[in-house]
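Asks: Here is what each chain is made of, one letter per residue.
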Amino acid sequence: MEGLLPDLEVVRKDFPILARVMADGLPLVYLDSANTSQKPQVVIDTMVDHLERHNANIARAMHQLGAEATAAYEDARDKVAAFLGAPDRDEVVFTKNASEALNLAANTLAWPGERQVGPGDEIVITEMEHHSNIVPWQLLCERTGATLRWFGLTEDGLLDLSNADDLISERTKVVSMTWVSNMLGTVNDVAAMARRAHAVGALLVVDASQAAPQLPIDLAAMAEDERPDLLAFTGHKVVGPTGIGVLWGRRAVLDQLPPFLGGGEMIETVTMERSTYAPIPHKFEAGTPPIVEAVGLGAAVDYLSVLGMDHVHRHEQAVTAYALEGLQTVPGLTVLGPLDASRRGGAISFEIPGVHPHDVATVLDTRGIAVRAGHHCAKPAHQRFGVQSSTRMSSYLYTTPAEIDALVEGLEYTRSYFKLD
Amino acid sequence: MSTDLDSLYQEIILDHYKNPHHQGLREPFEAEVHHVNPTCGDEVTLRVHLRDGRVEDVSYDALGCSISQAAASVMTDLVIGKPVDDAMRIHEEFLTLMQGKGSVEPDEEVLEDGIAFAGVAKFPARIKCALLSWMAWKDATTTAQLEETPAEKTPVEETQ
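Read top to bottom, the protein sequences are chains A and B.
In terms of this note's numbering, the first sequence opens at residue 1 and continues consecutively.
In terms of this note's numbering, the second sequence opens at residue 1 and continues consecutively.
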């Protein structure tokens, strides 16, 4: 099959969990990577090694271990900067996860500062966002009196841009959009949206939680007016650990935003009356950060870079195309979202009339197949397509065509178990 | 593999799923609640009508998986017509069964068709599905009891 990662079987051996034997002696078929990805041995070992040999608090301990821990943490920032092609490594801010990164943006935009949002201003999002890229903006609007507006979706799961000129106007202060939908798989045109936002002086915030694992990203190579202003992703979906996320932002924008959380490490000097703040990135990293998680994320993005994000992307597209083809052989099954693999990511949500997604997931689980069932934190997008919930399979760089075959067989079995024929 | 699955999807459960009892929203009622399972989006709107300390009617509109739908159907069979105190005890018994991780032997005398859910207790992810409508019923009944005292009160309800 064209496009698969070379040495896929060798790559799979990097992920110890893929050898797990599930109940009844069945092999694991892990198709829930859009939820969280599995971790290669090198990430696990790097984290264990850090804890066993280099553990200390960072940026303050005046001893060898402190210096080593600080170097490891800041090295991780360099690695993430390289992974994103960030123009400046200090533009990489570590957070707890992508949600915190987006909340950082939405909160600091609500507070007094050069970018403060107020009554009469508009925030534009889309109907295909994860709840993490909806709720923070709703809160921002409630707190500031700004108005929330959004792009709707077309029948085939793309952004409906027909009213774009009305939606994005001189009142728009922020446009926030997912790069790749976690439910529909749709890949949005970030460059085009950036041009629109910038033409009216608005910021473009990009939720790259599903894009960072799958697409090669090179921010420095993007044209100035096509580059987002802020971009968030999470560590655990890019073969890294949980508890670590990233907010990348243009230096000029991050400098304009007020601090988010106050505490240790984010200050320059403190008196009882007032404080001054450290320059970015530390301005946004109050308190002891998730050090070993950052170190693990550094190892994770290095691992992806060695594989090559171009190869990872091609692999995802090949597996996704194969899966779309296979799923459509299941009688009655409907895929939600674009059917063209070249225009979508590796998350495929679908419906089988007559069997609830929970029941689909449970039957698949007894065959060792892990998928997600529910609304995938994208209730508005489900509502848009008139479904309450769906089943979602999501592949990643370690997914094989044989696993897709197992899924399709599992779905056939599900249909017969619930006597749909 | 299908033994495990069959213990979850007992024929009784699939029958109730395909032909749910007491479905639909009816009047009169003293309390109406809307419960959701936020992780999966299953939801139920449920009404309770009490009279003289008895569960006169339970009506509902539910969206969800086979387990949650069947649980609503079985629950109405079990509580309608019973004194509220007895119905609450059945609720407790069902809760104990669900939280027993598969180690509780269900009492058919008390739970009737509800014993079919014994297998659900072994699927941690599905326990909430089985409990959704029971929790909604308890909530609505508690509210209705406040409404209902004194016992002879005849409910006057707006249409729809």
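FYI, nobody ran anything at the bench for these hints, they're computed from the structure.
Treat the hints with caution; some may be incorrect.
Some chain A residues close to chain B (C-beta under 7 Å, calculated; not the full set) [said to hold, decoys possible]:
| id | residue |
| --- | --- |
| 1 | Gln116 |
| 2 | Thr271 |
| 3 | Glu273 |
| 4 | Thr276 |
| 5 | His358 |
| 6 | Thr366 |
| 7 | Gly374 |
| 8 | His375 |
Label-pair restraints from in silico Cβ distances [as the list claims (entries may be wrong)]:
| id | chain 1 | residue 1 | chain 2 | residue 2 | range |
| --- | --- | --- | --- | --- | --- |
| 9 | A | Asp405 | B | Asp85 | 33 to 41 Å |
| 10 | B | Leu95 | A | Arg274 | 51 to 59 Å |
| 11 | B | Asp85 | A | Pro119 | 33 to 41 Å |
| 12 | B | Glu112 | A | Gly354 | 43 to 51 Å |
| 13 | B | Asp52 | A | Gly25 | 42 to 50 Å |
| 14 | A | Lys419 | B | Asp85 | 56 to 64 Å |
| 15 | B | Asp52 | A | Val21 | 38 to 46 Å |
| 16 | B | Asp139 | A | Gly354 | 29 to 37 Å |
| 17 | A | Gly25 | B | Glu112 | 34 to 42 Å |
| 18 | B | Asp15 | A | Asp405 | 27 to 35 Å |
| 19 | B | Thr142 | A | Leu139 | 30 to 38 Å |
| 20 | A | Glu325 | B | Glu112 | 20 to 28 Å |
Quick partial rundown of chain A residues pointing at chain B, CB under 10 Å, derived from the structure [what the hints assert, rightly or not]:
| id | residue |
| --- | --- |
| 21 | Thr288 |
| 22 | Pro353 |
| 23 | Val355 |
| 24 | Pro357 |
| 25 | Lys379 |
| 26 | Tyr417 |
For clarity, every value in this text was computed on a predicted model and none was experimentally measured.
Where a beta carbon is used, it is the ideal one built from N, C-alpha and C, also for glycine.
Asks: Against each hint, give a clear statement of whether it holds in the structure.
Replies: Results of checking the hints against the structure:
Because the closest C-beta pair between A/Gln116 and chain B is about 33 Å apart, greater than 7 Å, the hint is violated. Annotation: interface hint on A/Thr271 violated; nearest CB of chain B at approximately 45 Å, more than 7 Å. This hint is violated: A/Glu273 has a C-beta 44 Å from the nearest C-beta of chain B, more than the 7 Å allowed. Given the 7 Å rule on beta carbons, the hint for A/Thr276 is violated: about 42 Å separates it from the nearest Cβ of chain B.
At its closest, the beta carbon of A/His358 sits 4 Å from a beta carbon of chain B; the interface hint therefore holds under the 7 Å criterion. Because the smallest distance between the Cβ of A/Thr366 and any Cβ of chain B comes to about 5 Å, under 7 Å, the interface hint for this residue holds. Interface hint at A/Gly374: satisfied, since its Cβ lies 4 Å from the closest Cβ of chain B, which is below the 7 Å cut-off. Evaluation of the A/His375 hint against chain B yields a held restraint, the C-beta minimum of about 4 Å falling below 7 Å.
The hint said 33 to 41 Å for the Cβ distance between A/Asp405 and B/Asp85, and at roughly 55 Å that hint is violated. Against the hinted window of 51 to 59 Å, the Cβ-Cβ separation of B/Leu95 and A/Arg274 comes to about 55 Å, which satisfies the hint. Take B/Asp85 and A/Pro119: their Cβ atoms lie about 55 Å apart, and the range 33 to 41 Å is violated. The beta-carbon spacing between B/Glu112 and A/Gly354, approximately 27 Å, falls outside the hinted interval of 43 to 51 Å.
Roughly 57 Å separates the CB atoms of B/Asp52 and A/Gly25, a value that falls outside the hinted 42 to 50 Å. Against the hinted window of 56 to 64 Å, the Cβ-Cβ separation of A/Lys419 and B/Asp85 comes to about 40 Å, which falls outside the hint. Here the CB-CB span from B/Asp52 to A/Val21 is close to 58 Å, at odds with the stated 38 to 46 Å. Evaluation of the 29 to 37 Å hint for B/Asp139 and A/Gly354 yields a pass: the beta carbon distance comes to about 30 Å.
For A/Gly25 and B/Glu112, the Cβ-Cβ distance of about 36 Å falls inside the hinted range of 34 to 42 Å, so the restraint holds. About 33 Å separates the C-beta atoms of B/Asp15 and A/Asp405, a value consistent with the hinted range of 27 to 35 Å. For the pair B/Thr142 and A/Leu139, the supplied restraint of 30 to 38 Å holds, since their beta-carbon distance comes to about 32 Å. Range check, A/Glu325 to B/Glu112: about 47 Å between beta-carbon atoms, so the 20 to 28 Å window is missed.
Against a cut-off of 10 Å between C-beta atoms, the interface hint on A/Thr288 is violated, since the closest Cβ of chain B lies about 31 Å away. Below 10 Å, beta-carbon pairs count as interface contacts, and A/Pro353 has none with chain B, the closest being about 14 Å; its hint is therefore violated. The beta carbon of A/Val355 comes within 8 Å of a beta carbon in chain B, closer than 10 Å, and the hint placing it at the interface holds. Below 10 Å, beta-carbon pairs count as interface contacts, and A/Pro357 has one with chain B at about 7 Å; its hint therefore holds.
The restraint placing A/Lys379 at the interface with chain B holds, with a minimum CB-CB distance near 7 Å, inside the 10 Å limit. Because the beta carbon of A/Tyr417 sits about 7 Å from the nearest beta carbon in chain B, less than 10 Å, this interface hint is met.
Comparing the model with each earlier hint shows violations of hints 1, 2, 3, 4, 9, 11, 12, 13, 14, 15, 20, 21, 22; every other hint is respected.
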